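Residue numbers (this note's numbering), protein chains in the order written: chain V, 12 to 307; chain X, 12 to 307; chain W, 85 to 351; chain Y, 85 to 351; chain F, 967 to 1281.
Hints in this document: simulated from the structure, not taken from any laboratory. These numbers were taken from a predicted model, which means no experiment stands behind them. There could be a bad hint or two in this list.
What the hints assert, rightly or not - As a list, the in silico SDA-like pairs of lysine to any residue whose alpha-carbon atoms are at most 25 Å apart:
1. Lys215(Y) x Ser328(W)
2. Lys1007(F) x Ala277(X)
3. Lys1007(F) x Gln151(V)
4. Lys1228(F) x Gly140(X)
5. Lys268(W) x Pro318(Y)
6. Lys268(W) x Ala341(Y)
7. Lys1193(F) x Glu128(V)
8. Lys1061(F) x Gly278(X)
9. Lys153(V) x Lys1007(F)
10. Lys1215(F) x Gly76(V)
11. Lys1061(F) x Phe87(X)
12. Lys1061(F) x Lys1262(F)
13. Lys1262(F) x Glu128(V)
14. Lys268(W) x Gly207(Y)
15. Lys215(Y) x Lys268(Y)
16. Lys268(Y) x Ser199(W)
17. Lys268(W) x Arg283(Y)
18. Lys1066(F) x Thr175(X)
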Amino acid sequence: MVVFSVTTSTFLTVDNLSLVVQQSLVVATLALGQTLIVLTGGIDLANAAVMVLGTMVLARLVTEGSNSVVALVAGFLVCAVLGAISGGLVTMLNLPPFIVTLGMLTVVLAAGRLYSEGSSYPVTDNLLGVLGEGGYLFGQIKVTHGMMLAVVMFAITWYALTRTAWGRHVYALGNDPEAARLTGIHVGRTRFSVYLIAGVIYAFAAWQALGRIPNADPNAFQTGNLDSITAVVIGGTSLFGGRGSVMGTVVGALIVAVLRSGLTQAGIDSLYQDVATGVLVIAAVAFDQVVRRRSR
Amino acid sequence: MVVFSVTTSTFLTVDNLSLVVQQSLVVATLALGQTLIVLTGGIDLANAAVMVLGTMVLARLVTEGSNSVVALVAGFLVCAVLGAISGGLVTMLNLPPFIVTLGMLTVVLAAGRLYSEGSSYPVTDNLLGVLGEGGYLFGQIKVTHGMMLAVVMFAITWYALTRTAWGRHVYALGNDPEAARLTGIHVGRTRFSVYLIAGVIYAFAAWQALGRIPNADPNAFQTGNLDSITAVVIGGTSLFGGRGSVMGTVVGALIVAVLRSGLTQAGIDSLYQDVATGVLVIAAVAFDQVVRRRSR
Amino acid sequence: MTTPALQARGLVKRYGRVTAIDGADFDLYAGEVLAVVGDNGAGKSSLIKALSGALIPDEGTILLDGSETHFHSPLDARHAGIETVHQTLALAPAMDIATNLFLGREVRRTGPLGSVFRLLDRGAMREQAQKQLDALGIETVQHIGQLVETLSGGQRQAVAVARAAMFGSRMVIMDEPTAALGVKESRQVLDLIRRIRDRGLPVVLISHDMPQVFEIADRIHVHRLGRRTAVVRPADASMSQVVSLMTGALRPGDPDAPPNLVDVSVR
Amino acid sequence: MTTPALQARGLVKRYGRVTAIDGADFDLYAGEVLAVVGDNGAGKSSLIKALSGALIPDEGTILLDGSETHFHSPLDARHAGIETVHQTLALAPAMDIATNLFLGREVRRTGPLGSVFRLLDRGAMREQAQKQLDALGIETVQHIGQLVETLSGGQRQAVAVARAAMFGSRMVIMDEPTAALGVKESRQVLDLIRRIRDRGLPVVLISHDMPQVFEIADRIHVHRLGRRTAVVRPADASMSQVVSLMTGALRPGDPDAPPNLVDVSVR
Amino acid sequence: ACTQTKSGSGGGGESTGPVKIGLVTKTDTNPYFVKLRESAKAHAEKSGAQLIAVAGKFDGDNEGQVAAIENLVQQGVKGILITPSNSTGILGALKQAKEKGVLVIALDTETDPKDAVDATYATNNVTAGELEGKYVKAALGSTAPRLLMMDGTPGGTVDEQRHRGFLQGMGLKDGDPAIIGVAPTNGDQNKAQAAMENLLQRDATVNSVYTINEPAARGAVAALTAKNLAGKVAVGSIDGGCQGVADVKAGKYLATVMQFPKKMAEQGVDAVVAFAKDGKKPTGFQDTGAQLITDKPLAGLDSKDTAWGSQNCWG
Ligand SMILES: Nc1ncnc2c1ncn2[C@@H]1O[C@H](COP(=O)(O)OP(=O)(O)OP(=O)(O)O)[C@@H](O)[C@H]1O
Ligand SMILES: Nc1ncnc2c1ncn2[C@@H]1O[C@H](COP(=O)(O)OP(=O)(O)OP(=O)(O)O)[C@@H](O)[C@H]1O
Ligand SMILES: [Mg+2]
Ligand SMILES: [Mg+2]
């Protein structure tokens, strides 16, 4: 960060920070759902595809004349049902989440493209675009409704994970599924609920995405799944489950966005940016590791 | 499989089976290296990128007039060094393999594009293309040198994993790293060796890739990492490490190739193919799960 | 004879070539401490896993207060009031002591905070956890917020025992609860078992510690090769007789065997 | 006095707020069985982890046959001939018994098959594994190819003990090796310890089983609150005295305390 | 055995059932290829042929395209229409297909060498880029350009050709100080918007923007709008999708260059059907044309207005 603020004088402006947050919102929201699933020891490769299908449903329904509230409800339903399908397959058939969500990824992606009939759907609806709107704080910092929503969502999820029994069960599940089963936790029900809730969160991500880009494109966010996993892992959540936090994910998502944005603004060519991003991501996690080891 | 052989009369011909094997060779070879890493509880997101850089090095050196043996040596060196870097970061700094190989993915991909200078490199060299060549067995079945090499590589890896001390240490490492450390296994050395060997295997994959498509393209195999992980997981290897086998990976790689090929030959459009592939992959693993549960 | 609180007949569990339970019977009467003894690998843990829903037997029936029951999961058994200390302890390593004690039975705040917002009462849980550990004489836990994975073997076991003691409402099953405990702590667990019995709950105690078994058990169930061979009263038998029964050196029908409380002639 | 085979002075290990080893000393002499006793959480396991390279102490020195040593990993200690049974057993769950016994010390075929092709002699390892288990009286293992995760608690512990017994070349450290073992199996382990001592190797035995300790130990190291409080001879002390020393009810200097073999006045 | 029968069946009309035509696009994802596929499908149906559409998984998936060709040949198609991911990537498979008597036609993108296929129906992408460049240059008039470039995928053939053509049209060279920023967008609106936002953050003196396609243009314009630069910057694009034409009509950007995928698809299908009937093979490069679409025509540049555009747009 220090480097960026030195090399580019604009980087530390509040204006710019607001921009970085806006750029990271969709991936951060995806990563929020991903965090839940990773905490249970799972992984979700389909999250971005589900979200994109969500945007398609929203946009197409509105384009075809539906009321935007109806469209919103439909979008949330679709995402929730897809989450429930993943959750059901993982829970009932006891399949590895990697396989289930990989299958879902392929299917949902194709479904989105079939549903789109080859075009993308621009939306001008007020409700669907509302998350991209917002006002200025202190006359300078642009705060969108999407940002506020994201803060609320992260806060609620943090609360649910750390302050309710459900959250403890999620962690226990990822920690040691057999121990969780033996202690009499509803293992299946809890795991299923996580996939379902993640589906709903992806619907919010879809809404956020339309706020940022009022155009539903079946080809958008193709790296959204990896990006969200990256944010989760950089945030210190273990892919083996049971260890990590939502706050880590926020930091992880911001780190990636700041890197990208900072490097572009520093005028570095995109390929060199990639090199730098790769190195900096590793460095960030290594630094974190060293700090944590020292603090023990 | 049964479905395919009924709907398309050509599908069960030996000629066609040979084709499917050829189509799966590169991903299978990538998956071989991936299996080693997954067995230690790691994951390699950079394998396809490393391989692609390998093809670039081979092709560009030959195009610029190097002797093809020299180019081959250079290609192997590059892949091995990249494997060693990943291994070193994972081992020495104790970083999560997901992050390390994600960083490597970004860096290596960019490096490949920079090195390519925006073009792709067709190769006509005999040695570099040799793995795509081959003869006919019984006058019908096309057997390429690449197939033979793959059989040998899988056999050697199988042998090393199941019949040598090193292999046992790899499994022990993935099973319970702390137990492995306490029993006095060279945890770091073994883990490092796995990444190094995987790097060398990716060099073979690069050679295979040039045998199949004599053209080094920095944009090729963008889904090679996920494809190889898919083959590994379908093959029954656990992403948590310590459980699985190389033979499973062979089966996993073939299943995916057979699906793709069978669906195309059945005249199904690719979007519907995606839907079918997704469903069939889940079904294949679910079926496997049920069979295994019954046999216990 | 009264109806047993918990009864099992002809339980069988096979794992491929291995038979863990080979037609085992089991009776537990109200208000008693039943010790289950047997060699390593005799199938004691497998038996109590079947009784606590952790394992679904291939054959056989389980009767709770005389009526047939099927436990499909540990949760079913827990709902029936059966609380178990598993040999593997069943603790979540990356969670702290209080969390583990209350896992699956978390205490919520009173009032709307608890009922509407589902807010946990972390303070209360922590406090009770500390009290429970103190009652077991585990005074060396330096910090109640320590993660279970950082506890010593004995401390960990104490957490598992404390949990079962806290929540058992119908019966408590303990699989080698004192194996990792120190002298003083083992004493406390024995006292605890007595207190549970005095509350009227029957206790099943698996143990390899013969003096302990003879001190506390009302009856001793001897397990061998996957099934019950004999049930004896500590007053009727000597430790060496029981050990001989466990190892097969002595058979229940033998002239110098202690009086057997169950009929094993069927098999 | 002769030089101790293994000696430690002023070891300290802190984990954040928790102090696991708090200035512990340790002496082990050639050819003796040294019992280490102490309450749960006293720091016994942490101490022997430091002595076996599993943990690097923050402070203090370790001396092997009088010369200072630094173990950077368990491997270093193993190379020095120190073999350890950890309380956590350190077994790979998804691997079979023979594999676990020989983990890190696999036997290769003789001839070029072994030296060039590095082929393991799986038959030989299996055979020896079976022999070792039989020697420990673990006869209930129904299938030598069983994965460790499917073994009973006692069977698992037997595997860990068998491994240490097989490979110890300088000294053997056992952290509660009989905790999960049956009566007969525990006997066998005590015999085994005697046999190891008779081979001239010193043995460190951590145990909560006082009769066992008094039966086999040449000296008893009493650990309390992270450090050594006393070392007594079984002949000089009663069990209850040792227990009192462990719990702090009795202090080494007290008039009714048994004679202490080490000077603790420094602290 | 099947190998022999198949190589014999190429030229003649002895086969039964409808003529099978394979279509291999770069991806399923790009609406452009979707349109291509749909047009081909519709036209094949009209001509009594069966079209099997397969695609690579991503732009650059040579392996996927090769496998697709092999599987289509195995299926017994008469001809294959392909939009090669890479102009040199799939030559081997094309050669094998030709050897087995299958007619091979490149659509949209040329192969290198060109005679690796029997014929090519494509937009000349350099020309298309040049048209965009010329228009932007003309729109700037005498003002010195301050150019931001929203590229496609690094290393892609089409992407590279359009980029080159644009600079030719502008009379600039890569590395010219007038180019104040370049970013890859993969033709993705989201990426384009983020890239433009970040570039503007650094330097807002821009007065002209190159975009690889219309989604990229939309992303760029959104970022410009947020900075109150919309309308002050000359933005050009390429594609001719209906949404793109509508954008031009709405004044979001000045002009777009239309391609004609429908034409390519239909001509390709016709060629295969003709080949199946009488064995006649088409040859050479057939330019399917590129048309500048704008409502602000500038002198010296042939252009059509958006009314014409919305009648001829492709999706
Ligand atoms: N999942 C399993 N797969 C295969 N065998 C198993 C499995 N679980 C238990 N066994 C076998 O069943 C037998 C009984 O095991 P169990 O754990 O019930 O013994 P136990 O009496 O509790 O022994 P211990 O006193 O050592 O705890 C053992 O031989 C064990 O190896
Ligand atoms: N990694 C760790 N982090 C924090 N505290 C630890 C850690 N390891 C051990 N401790 C603490 O250090 C103390 C000593 O633990 P240790 O395992 O050495 O005890 P012990 O004497 O072996 O006990 P037991 O008889 O129960 O096995 C305990 O209070 C324990 O909670
Ligand atoms: Mg047991
Ligand atoms: Mg201990």
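Evaluation of the provided hints:
Between the alpha carbons of Lys215(Y) and Ser328(W) the distance comes to roughly 24 Å, so the proposed pair stays at or under 25 Å and holds. Under the criterion of a C-alpha separation no larger than 25 Å, the hint pairing Lys1007(F) with Ala277(X) is consistent with the structure, at around 17 Å. Annotation: proposed proximity of Lys1007(F) to Gln151(V) is violated, straight-line Cα distance about 54 Å (limit 25 Å). For the suggested pair Lys1228(F) and Gly140(X), the alpha carbons sit about 38 Å apart, so the restraint of at most 25 Å is broken.
Distance hint between Lys268(W) and Pro318(Y) is fulfilled; the C-alpha atoms sit about 19 Å from each other, no more than 25 Å. For the hint pairing Lys268(W) with Ala341(Y), the CA-to-CA distance comes to about 19 Å; that is within 25 Å, so the pair holds. Between the alpha carbons of Lys1193(F) and Glu128(V) the distance comes to roughly 33 Å, so the proposed pair goes past 25 Å and is violated. Between Lys1061(F) and Gly278(X) the alpha-carbon distance is near 22 Å, which keeps this suggested pair within the 25 Å criterion.
For a cut-off of 25 Å, the pair hint linking Lys153(V) to Lys1007(F) is broken: about 48 Å separates their Cα positions. Note on Lys1215(F) and Gly76(V): the hinted pairing holds, with a Cα-Cα distance of about 22 Å set against a maximum of 25 Å. Distance restraint check for Lys1061(F) and Phe87(X): the Cα-Cα separation of roughly 30 Å exceeds the 25 Å cut-off, and the hinted pair is therefore not satisfied. With a C-alpha separation of about 47 Å, the suggested pair Lys1061(F) and Lys1262(F) falls outside the 25 Å cut-off, and the hint is violated.
Note on Lys1262(F) and Glu128(V): the hinted pairing is violated, with a Cα-Cα distance of about 31 Å set against a maximum of 25 Å. For the hint pairing Lys268(W) with Gly207(Y), the CA-to-CA distance comes to about 46 Å; that exceeds 25 Å, so the pair is violated. Restraint check: the Cα-Cα separation between Lys215(Y) and Lys268(Y) comes to about 17 Å, which is no more than 25 Å; the hinted pair holds. Between Lys268(Y) and Ser199(W) the alpha-carbon distance is near 54 Å, which puts this suggested pair outside the 25 Å criterion.
Distance check on the hinted pair: Lys268(W) and Arg283(Y) sit about 35 Å apart at the alpha-carbon level, beyond 25 Å; violated. Restraint check for Lys1066(F) and Thr175(X): the C-alpha separation of about 48 Å exceeds 25 Å, so the hint is violated.
Violated hints, listed in ascending order, are 3, 4, 7, 9, 11, 12, 13, 14, 16, 17 and 18; each of the other numbered hints is respected by the structure.
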